[in-house]
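Protein chains: 2
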Amino acid sequence: MTTADTPVRIAVDAMGGDNAPGSVVAGAVEAVREGGVQIMLVGDPTIVQAELAKHDVEELPIAVIPSEGVIVEGEPPAMALRQKPRASILVSTGMIKQGHADASVTMGSTGGAMAAAAVVLGLSEGVDRPALGGPVIGVSPNTFVIDLGTNVDCRPSQLLSFAVIGDVFARRFWGIERPRIALLSVGEEAGKGNRQVRDTTELLEKSGLNFIGNLEGNDLAAGKAEVVVCDGFVGNIVMKLTEGLGKALSAHIGKSLKGKLSDSELDAATQDMHDLNNIVQTHGGGPIFGVNGISVVGHGAGDSTAVRRAIETARHTYDIDFIPKLNEEMAEVFARVQED
Amino acid sequence: MTTADTPVRIAVDAMGGDNAPGSVVAGAVEAVREGGVQIMLVGDPTIVQAELAKHDVEELPIAVIPSEGVIVEGEPPAMALRQKPRASILVSTGMIKQGHADASVTMGSTGGAMAAAAVVLGLSEGVDRPALGGPVIGVSPNTFVIDLGTNVDCRPSQLLSFAVIGDVFARRFWGIERPRIALLSVGEEAGKGNRQVRDTTELLEKSGLNFIGNLEGNDLAAGKAEVVVCDGFVGNIVMKLTEGLGKALSAHIGKSLKGKLSDSELDAATQDMHDLNNIVQTHGGGPIFGVNGISVVGHGAGDSTAVRRAIETARHTYDIDFIPKLNEEMAEVFARVQED
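So the protein lines, in turn, are chains Z and D.
In this text, residue positions in the first sequence follow my numbering: the first is 1, and each later residue adds one.
In this text, residue positions in the second sequence follow my numbering: the first is 1, and each later residue adds one.
Treat the hints as calculated values from the structure; they're not laboratory data.
One should not assume that every hint holds.
As the list makes no split between identical chains, a pair holds if one copy fits it or if it spans any two.
[What the hints assert, rightly or not] DSS-like, lysine-lysine: derived pairs with alpha carbons at most 25 angstroms apart:
#	residue 1	residue 2
1	K192	K247
2	K97	K84
3	K247	K258
4	K260	K247
5	K84	K192
Here the structure is a predicted model, which means the values were calculated and not measured.
Please build the complete structure, drawing on both the sequences and the hints.
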């Protein structure tokens, strides 16, 4: 926890993302000007200093920390980590481990950031691999879906850990006292679903969480639960399908309503179709879940505003004590399901 | 195969569906008037005769076949089949088995129809359970997705059998010479995906089918393949999610564009949002796949037009020799993958 006097120390990977380092440095400067944070920009010092020189930063709490190399989107993360031990994402994540930073932020490779977080920060008790989650469907902005793609073959205990993550997220980020937790399945009746769902149901019923049972695909668009748990294979397909529908429907609206709406109304309607389907692009990133520290991944294509928001998310995640609370609840829930 | 002289004999479950028997009988009469079929209406004779009396059917090839009871949506099919051995769906499916009908049609319980078809007609070689498939996403009307919910825990050989069904469907129904077959997964690169996808990839590569690799969720809305294979857990979530989005987006458009479009334009735009998402409601039913006979299930809420269309689908499925061609290709493909 922090107070107004002690700014949150955030290590920012200045080299990651499509618009790095320009937008990253600009976004970091914006965040510092808003107050409450001090920033360590991790990257090639010459390049980062040249970017910083474009801003008036003399009095601001911004330091430059040298790194060598960057892990780009699409590189196999494990190999990249070995080949580039001084890569910006490893150095920025390492600063948390060494006690020099409270959180880290990158707009770079999600796979790289997750691998770095798992290796450097370690996993929370009960977690096998880091997870990604968030509200992904625009028409259900208050439904947190987890996992979105990292964990494709899940044991029931992994799905239980996702439920705990979602519960703590909805409580701490959204202030909901007893978030409704559901399993994504193919029928609402208990006992419907695949083997994974049936086995996980047993665990969730003993978990002490506010487990409301199964939801079906159509319920995802109806906001029937704050947390919807699924394996990363299913979650990724849900996320990507809505992304694809958003594009297709937006294009369709653009054509079919052209001439019937004013230009500005048409722009608003097509944008709506994007945003009501997939909101990952709009909302942009969030913390990696299941690791022992705060590592926020923003959207690779994000501009300086997206960088500033990712930094704010990192600060907020720290302010609300997310990691300690998550570890606490994870231990409690796993103890509870193992009781009998 | 049939000629113009020998009408296709279709057993119609007169008791199944939300609007039975009224709409079912009316739709059957419409179908007979269109020509090319003779109809056996299976149901409670008194009730069915009373419905028939509302139409001028004296000269038409329509017979009434008695049955007792009906299996309704939501009843556990296996138990219902045992408890109601003379239920309309069992009698109508049985007429194929006994050589009195070439195909059967129901607007009733999908689960009941599938169970009846599996038990009475038997499964195609290589098939473990009947499957459902069809174009489910409105923006991709030429993408056949299979399975949609019956097979929730699939071995790779089951997914292979879905690929064969899709291939034969796209070739015989759509006239596409070499349909593109894809596996739904979480990354386009070979090797990406869960265990099931990786194991199925090996089989598909040896299958002789036009296997184009993995597609991701967003590709589903982009018409990148004629056939997309997934297990029924995933397929059902895809189908239902698009259904839910169709409803939500349609409602949203109705509100956000009210006053900006004329009433008729607004109606068209909201209808569009339904149809571009999930088209199962619109398109209504199709044959059950993987059984040794033609059993077509129409949409439970369908009107007489939907019944007539379902009867046409049954006739067409018979005319194109779908079942023999499917059995043939299934045997060939399974022999091919077992070669080495």
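Practice task
List, from low to high, the hint numbers that the structure doesn't satisfy.
Solution key: none
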